[in-house]
Amino acid sequence: MVKELTDPSLKYRGMFQTASWGYARTTLYTSRSAEMDRIIFDLDLPITQSQSNAGATSNPRMSRPQAWAKNIISVGGVRHYNTLTTSDDRWGRSGSTGPASDGRIKPDLCAYYDYIYTTGYSSSSYTSSFGGTSGATPIVAGYVGLSIELYTDGVFGHPMPGGAARRFENRPHFSTTKALMINTARQYPFPNYKDFTRYNQGWGFPSVQDMWDLRDKIHVVDEWDVLTLLQSKDYFFFVKKGEPQFRVTMTFPDPEANPSSSKARINDLDLKVADPNGVTYLGNQGLKSGNYSRPGGSPDHTDTVENVFVKSPAPGIWHVKVQAVQVNQDGHVETAAKDVDYALVASGIASGRDRTHMTLDLSSKGMGDLKAVVKNLPSGWKEGWTLLSLTTKLPAGLGPFLGIEADGLTAAVLVQPAQAGSLLHFKATSNPALFPNAPFQVPAGVLTALKGTSLDGVTFVVDGGSNILDVSNASRVKF
Numbered sequence: 000m001v002k003e004l005t006d007p008s009l010k011y012r013g014m015f016q017t018a019s020w021g022y023a024r025t026t027l028y029t030s031r032s033a034e035m036d037r038i039i040f041d042l043d044l045p046i047t048q049s050q051s052n053a054g055a056t057s058n059p060r061m062s063r064p065q066a067w068a069k070n071i072i073s074v075g076g077v078r079h080y081n082t083l084t085t086s087d088d089r090w091g092r093s094g095s096t097g098p099a100s101d102g103r104i105k106p107d108l109c110a111y112y113d114y115i116y117t118t119g120y121s122s123s124s125y126t127s128s129f130g131g132t133s134g135a136t137p138i139v140a141g142y143v144g145l146s147i148e149l150y151t152d153g154v155f156g157h158p159m160p161g162g163a164a165r166r167f168e169n170r171p172h173f174s175t176t177k178a179l180m181i182n183t184a185r186q187y188p189f190p191n192y193k194d195f196t197r198y199n200q201g202w203g204f205p206s207v208q209d210m211w212d213l214r215d216k217i218h219v220v221d222e223w224d225v226l227t228l229l230q231s232k233d234y235f236f237f238v239k240k241g242e243p244q245f246r247v248t249m250t251f252p253d254p255e256a257n258p259s260s261s262k263a264r265i266n267d268l269d270l271k272v273a274d275p276n277g278v279t280y281l282g283n284q285g286l287k288s289g290n291y292s293r294p295g296g297s298p299d300h301t302d303t304v305e306n307v308f309v310k311s312p313a314p315g316i317w318h319v320k321v322q323a324v325q326v327n328q329d330g331h332v333e334t335a336a337k338d339v340d341y342a343l344v345a346s347g348i349a350s351g352r353d354r355t356h357m358t359l360d361l362s363s364k365g366m367g368d369l370k371a372v373v374k375n376l377p378s379g380w381k382e383g384w385t386l387l388s389l390t391t392k393l394p395a396g397l398g399p400f401l402g403i404e405a406d407g408l409t410a411a412v413l414v415q416p417a418q419a420g421s422l423l424h425f426k427a428t429s430n431p432a433l434f435p436n437a438p439f440q441v442p443a444g445v446l447t448a449l450k451g452t453s454l455d456g457v458t459f460v461v462d463g464g465s466n467i468l469d470v471s472n473a474s475r476v477k478f
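Under numbering that gives the first Met the number 0, residues 0 to 478 are what the sequence shown spells out, in order.
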């Protein structure tokens, strides 16, 4: 039945599934867990699963075996006591808890356990008291549907050919949906607040509101980067001063495991994040005991979900690295090589598609001309660069280097000498006729050799001490 949901030859198709039932409860990764991992891996379908309701028992970890699957979104419970405020929310020995038997963080997310208003199977079976993780799970599934809708509306910058009529073809991979949900979830504070832990709330309560509010300050990699053993991929993001949080989530689809293995994980990808001062954060380090990451520590070789959450991040360029530490089985079956892919979501960034600060706009009339306009420069800047790239394979604003795909042209720009009025490396000037005080213009006919190609650009400026003050959005022009 699950396979039919993703069969493109059928009239009706589904983009996610939810289950509030399962096989006999256990604390182990079983053949049923492996079966669910195989289904999600093969069909690329996000599925939510109730953790179970053993919170008040002598073994609160007793859960449906499907909830222990790696690829699934398992859902825990939180009591809200039928009030509008979250200040009285607590676990209250409700839903089953993690960790998994191999130490993986479970559940993945949480939702309300009590006082759930819902319809029933007949016109007279409406209830205001549905509950348990059986009630929490469809709530999270609803958020999954809304997340997919936002993605397929193109609000995160991904092109959507055919529009709403082709949502199924344009849908994100299951790992991307999961990463989006986790990255933008609202965590309950812990420790020392009520009875919340990482193992009863997971990564928090989903928030489509936060996902929407961050839509232009978020970078979503939808499994388009592929790694072989020990290969890595680097990303560079600019974070503005005063940004409340910088959050990075990496998830990867993992083949089913042998239930007799001590660890369910097959392949191993590591997440590493460095702030502008070189302080390094590793995936999940510190997040099992609190809401925010701690520097240093050891890599996580257990989970297939890794996060770095930094409160009040230092302004400047942040470096994110994903590395394939172990590739024991093919995780990216679309190629003949033994390789892996992953989803990456970074939020709280000002580079890429954010236009609430300094902006760059490139345009052309299609006559071999180019016009560049920079606005809203910060005070105190002394010089700046407009980095250019002719590599435009990815959606505009979603390149790994400040929103562009750095290439040889980018490197050449960086070594250009500073000159007043230059587009590439410019100095602050009081002359209103010079760039960036005025648009930079390349006359018609000069760039005719570029006809049919696209050009990406991003501008950044520094102060007298070479500190980066601002980075513009990435802009694309087609000649």
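Don't take every hint at face value.
[To be verified] Subject to a maximum C-alpha distance of 25 Å in a straight line, what follows is the list of computed BS3-like cross-link-like pairs (lysine-lysine):
hint, residue 1, residue 2
1, K364, K232
2, K364, K392
3, K320, K364
4, K240, K193
5, K232, K392
[Stated by the list, open to error] Have a look at the derived ranges for each label pair, beta carbon to beta carbon:
hint, residue 1, residue 2, range
6, T279, T118, 31 to 41 Å
7, N58, Y192, 37 to 47 Å
8, K370, K262, 31 to 41 Å
9, P258, A163, 52 to 62 Å
10, K370, E3, 32 to 42 Å
11, G277, E148, 19 to 29 Å
12, D233, P158, 18 to 28 Å
13, K477, K262, 19 to 29 Å
14, Y80, W211, 43 to 53 Å
15, A411, S465, 48 to 58 Å
16, H300, N375, 53 to 63 Å
17, D406, W211, 52 to 62 Å
18, G420, T334, 23 to 33 Å
The set of hints was computed from the structure by calculation and includes no laboratory data.
Note that the Cβ used here is the ideal one computed from N, Cα and C, for glycine as well.
Okay, the hints, checked on the actual structure:
1. K364 - K232: violated, 36 Å
2. K364 - K392: holds, 22 Å
3. K320 - K364: Violated - the C-alpha atoms of K364 and K320 are around 38 Å apart, more than 25 Å.
4. K240 - K193: Judged against 25 Å, a Cα distance of about 32 Å means the pair is violated.
5. K232 - K392: holds, 16 Å
6. T279 - T118: 31 to 41 Å: violated, 50 Å
7. N58 - Y192: 37 to 47 Å: violated, 25 Å
8. K370 - K262: 31 to 41 Å: violated, 56 Å
9. P258 - A163: 52 to 62 Å: Violated, since P258 and A163 (Cβ atoms, about 42 Å apart) do not stay within the stated range.
10. K370 - E3: 32 to 42 Å: Given a distance of about 52 Å, which is not inside 32 to 42 Å, the answer is violated.
11. G277 - E148: 19 to 29 Å: violated, 40 Å
12. D233 - P158: 18 to 28 Å: Because 24 Å falls inside the window, the suggested range holds.
13. K477 - K262: 19 to 29 Å: violated, 48 Å
14. Y80 - W211: 43 to 53 Å: Violated, since Y80 and W211 (Cβ atoms, about 27 Å apart) do not stay within the stated range.
15. A411 - S465: 48 to 58 Å: Between A411 and S465, where Cβ atoms are some 20 Å apart, the hint is violated.
16. H300 - N375: 53 to 63 Å: violated, 44 Å
17. D406 - W211: 52 to 62 Å: About 33 Å separates the Cβ atoms of D406 and W211, which means 52 to 62 Å is violated.
18. G420 - T334: 23 to 33 Å: violated, 47 Å
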